[in-house]
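With the hints as your guide, set chain B onto chain A.
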Amino acid sequence: MTRISRWTTYFQITPLAAIFLLFLVVPIATIVVVSFFDYTTTSIIPAFILQNYEELLLSPVTWQTYLQTVEFALITWVLTLLIGFTLAYFLAFHVRSATWQQVLFLVCTIPFWTSNVIRMISWIPFLGRNGLANMTLMKMGLIHQPLEFLLYSNFAVVLVYVHLYTLFMVVPIFNSMMRIDRSLLEASLDAGATGWQTLTNVILPLCKPGIAIGSIFVVTIVMGDFVTVRMMSGGLSASVALMMANAMSLLQYPAAAANAVVLLIVVLMIVVGMMRVVDIRKEL
Amino acid sequence: MAKLNGGVGRRKILKGAGVMAGAALGSTVGAPMIWAQNNKNIVLRQFGTGVSNLNEVAEKCKADTGLTIQMTALDSDACVQRAVTQPNSYDIADIEYWMIKKIWPSKVLQPFDTKKLTYYDKIVPLFKTGKLKPDSVIAQGTAPHTVGFVEKQDATTFAKGETQWFTMVPTIYNADTLGIRPDLVGREISSWKDILDPKFKGKTSILNIPSIGIMDAAMICESAGIVKYGDKGNMTKAEIDKTIEFLIKTKKDGQFRAFWKTFDESVNLMTSGEVIIQSMWSPAVAAVRSKGVACKYQPLKEGYRSWGDGLAIAAHLKGPQLDAAYEYINWYLSGWTGAFLNRQGYYSAVLDTAKKFMSEDEWGFWMEGKPAKGDIMSPQGKVMEKAGTVRDGGSFDARMGAVACWNAVMDEDRYMVQKWNSFIAA
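Same order as they appear, the protein sequences are chains A and B.
First residue of the first sequence? That's 1 in the working numbering, and the numbers climb one at a time after it.
First residue of the second sequence? That's 1 in the working numbering, and the numbers climb one at a time after it.
Isolated chain A, as found in the complex:
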């Protein structure tokens, strides 16, 4: 094998590097630069001031909002993980025929054939005060007053998150499970392990990369979401991205940029934390 010239290697990585530079590095650098700019109601003034960060980090509203967003992310993560793992487990180990596995997997994706905004909004008439859920419960005599917390509440927000994002958990976990060598499970049974022991000692450790990938999807999406929070909480709750959207709609781009930088750092820290627990590359 002849040694490839250094220049050939550089040449080969140029397209990818250029794309990253143009569509990732440059925009993020711009956001960082703008986050130090000053602004008035109508204009953005190039400058180097820390006021945007000061106003952001010293405000209790910011901390409340970050806390709220992390809470949404955490609850959603736990629920999607439980449901996603169970679904994937059923598909991978209980459904024996490969055809049925594929059919059922496709069934899971059917809701994704419509836009996720539509899937979100359809919950509103269902959960409303005079909606289907309340009507049914009242007809059945289970409640006498409509349940107010069903819509325009944090409950509604989390419900929709779980509905929208569970599949992002199912797919990578299912993928990890399908790669598990079935003879390992037999060996586990032969060695006298119960079903639960097999699950916790064999399957779970081997699914870690799938769980990590799914978790990264779910957590990053929820941390950056603003539409769901606005629609499902009826404007009563806030999220970090919603704060940014508010600032941008009022032309306060530098304030939004500062918030974006802080959010980016927080999310990166979470992702790095996950990567330290699980080595994703092992499974890719």
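Keep in mind that the hints were calculated from the coordinates and are not lab data.
Don't be surprised by glycine CBs; every beta carbon is placed ideally from N, CA and C.
Accuracy of the hints is not assured; some may be wrong.
[To be verified] Listing some non-contacts, in silico: residues in chain B with all C-beta distances to chain A over 12 Å:
1) C61
2) T114
3) T129
4) P182
5) E188
6) P210
7) S290
8) M384
[To be verified] Derived DSS-like pairs: lysine-lysine, alpha-carbon spacing no greater than 27 Å straight-line:
9) K122(B) / K355(B)
10) K199(B) / K139(A)
11) K261(B) / K242(B)
12) K237(B) / K249(B)
13) K139(A) / K201(B)
14) K291(B) / K139(A)
15) K133(B) / K107(B)
16) K115(B) / K355(B)
17) K115(B) / K201(B)
Okay, now just chain B, sitting in the frame of chain A:
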């Protein structure tokens, strides 16, 4: 852009023809004739809130003048954003008076020469002096006449009184109040503070557009005696603090069901019965009624919160495009559109011309507060009100004469927005 290339090319040829025609006829006669011929090639790009971006208006304009108006509807915040950050993306800005206070200093718009506006003298005096009648009291907030004029063509600050340079031609305006579900409130509603009644806990809403929401909040706080304002349209920091503090407390007590940001959200909240008393816009009330749900635009004793929309022209417009813009606006005020807007429950800026396009019964119902003799139709030909009904709030003079405050931009705008965000996040 195809329109620019095509348009300019043809215009050049016509201009060439114009020079020859001008030589033969004398330039003063030649010029307008050429532009009139050229109207069919002229496209004016207009953006604005959903309120007045009406396809019917664009179609009628095309039929009457040959001008093509391309309309884009945006929400209020996006309008300000578009106007300031993308000044070349539009020719006509259809914006509210409080927005122009924010937009004008960035020099993206140019003022009108009142001498070129055919109906300038007939525009309702509210927009020139702030007074409906010579003895009226000027309402608080960003009253249109305070941002309606500039001293010079290129001035960035507003003039104190009437001048030749008009920043914006008013087109459509109204007096806003609370909308209620008369079938569900079960009591008399007469004041802004009634929205705080514990009986309505979890069944109220206000709008989440800071510059408008804060005014509704101020009307509520003032009427409940929580805050006394020097000028609701220009609050001090202390007044903002007190208002927001009260809003947060009310929110935590669970008085509000939701906050709405778009027209359709307010309609859905009301129709579904999630909310029975809330801030509302008049066509939203009409939309709820058209679904067979009872809804009233309740006049309140403290008065109305008013708003006004107008058309402004982009700074980059010149030559035939600028003339076309004047022609469009003169056409706009010539009556047909005014009648169209009045029939939707808004008001037009020039009443005399609009009257000619409305029947006596329509004029009586919408403008004079008289009971309708026959069914009142919407511009689209649907029955809006049955014979015998009287408009909520009564006549034009009764409604526009009882304006307590205009939508406003405050000096402490940046502070107010921060506080408003803390209210939404709380």
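Pair hint outcome, K237(B) versus K249(B) [Cα-Cα no greater than 27 Å]
Distance of about 18 Å is within 27 Å: holds.
27 Å limit on alpha-carbon distance, applied to hinted pair K133(B) and K107(B):
Measuring from Cα to Cα gives roughly 33 Å; hence the hint is violated.
Minimum Cβ separation between T129(B) and chain A greater than 12 Å?
Non-interface label on T129(B) holds, nearest chain A Cβ at 27 Å vs cutoff 12 Å.
12 Å cut-off, C-beta based - E188(B) kept clear of every residue in chain A
Check passes; 24 Å lies beyond 12 Å.
Check the hint pairing K122(B) with K355(B) against an upper bound of 27 Å on the C-alpha distance.
13 Å, holds
Beyond 12 Å from every Cβ of chain A: is that where the Cβ of S290(B) lies?
The claim stands: S290(B) keeps its Cβ more than 12 Å from every Cβ of chain A (closest is about 19 Å).
Taking C-beta pairs only, is P182(B) more than 12 Å away from all of chain A?
Holds, since 18 Å exceeds 12 Å.
Is the hinted pair K115(B) and K355(B) satisfied, with a Cα-Cα distance of at most 27 Å?
Roughly 24 Å separates the two Cα atoms, so the pair holds.
Could you grab the alpha-carbon distance between K261(B) and K242(B) and see if it respects the 27 Å cut-off?
Since the Cα atoms of K261(B) and K242(B) sit roughly 23 Å apart, the hinted pair holds (cutoff 27 Å).
Non-interface label on T114(B), tested against every C-beta of chain A at 12 Å:
25 Å, holds
Verify this label for me: C61(B) is non-interface relative to chain A, using a Cβ-Cβ cutoff of 12 Å.
For C61(B), whose nearest Cβ neighbour in chain A is about 30 Å away, the distance exceeds 12 Å, so it holds.
Taking only the CA atoms, is the gap from K115(B) to K201(B) under or equal to 27 Å?
With Cα atoms ~54 Å apart, K115(B) and K201(B) exceed 27 Å; violated.
Hint violations for this structure: numbers 6, 15, 17, all remaining hints satisfied.
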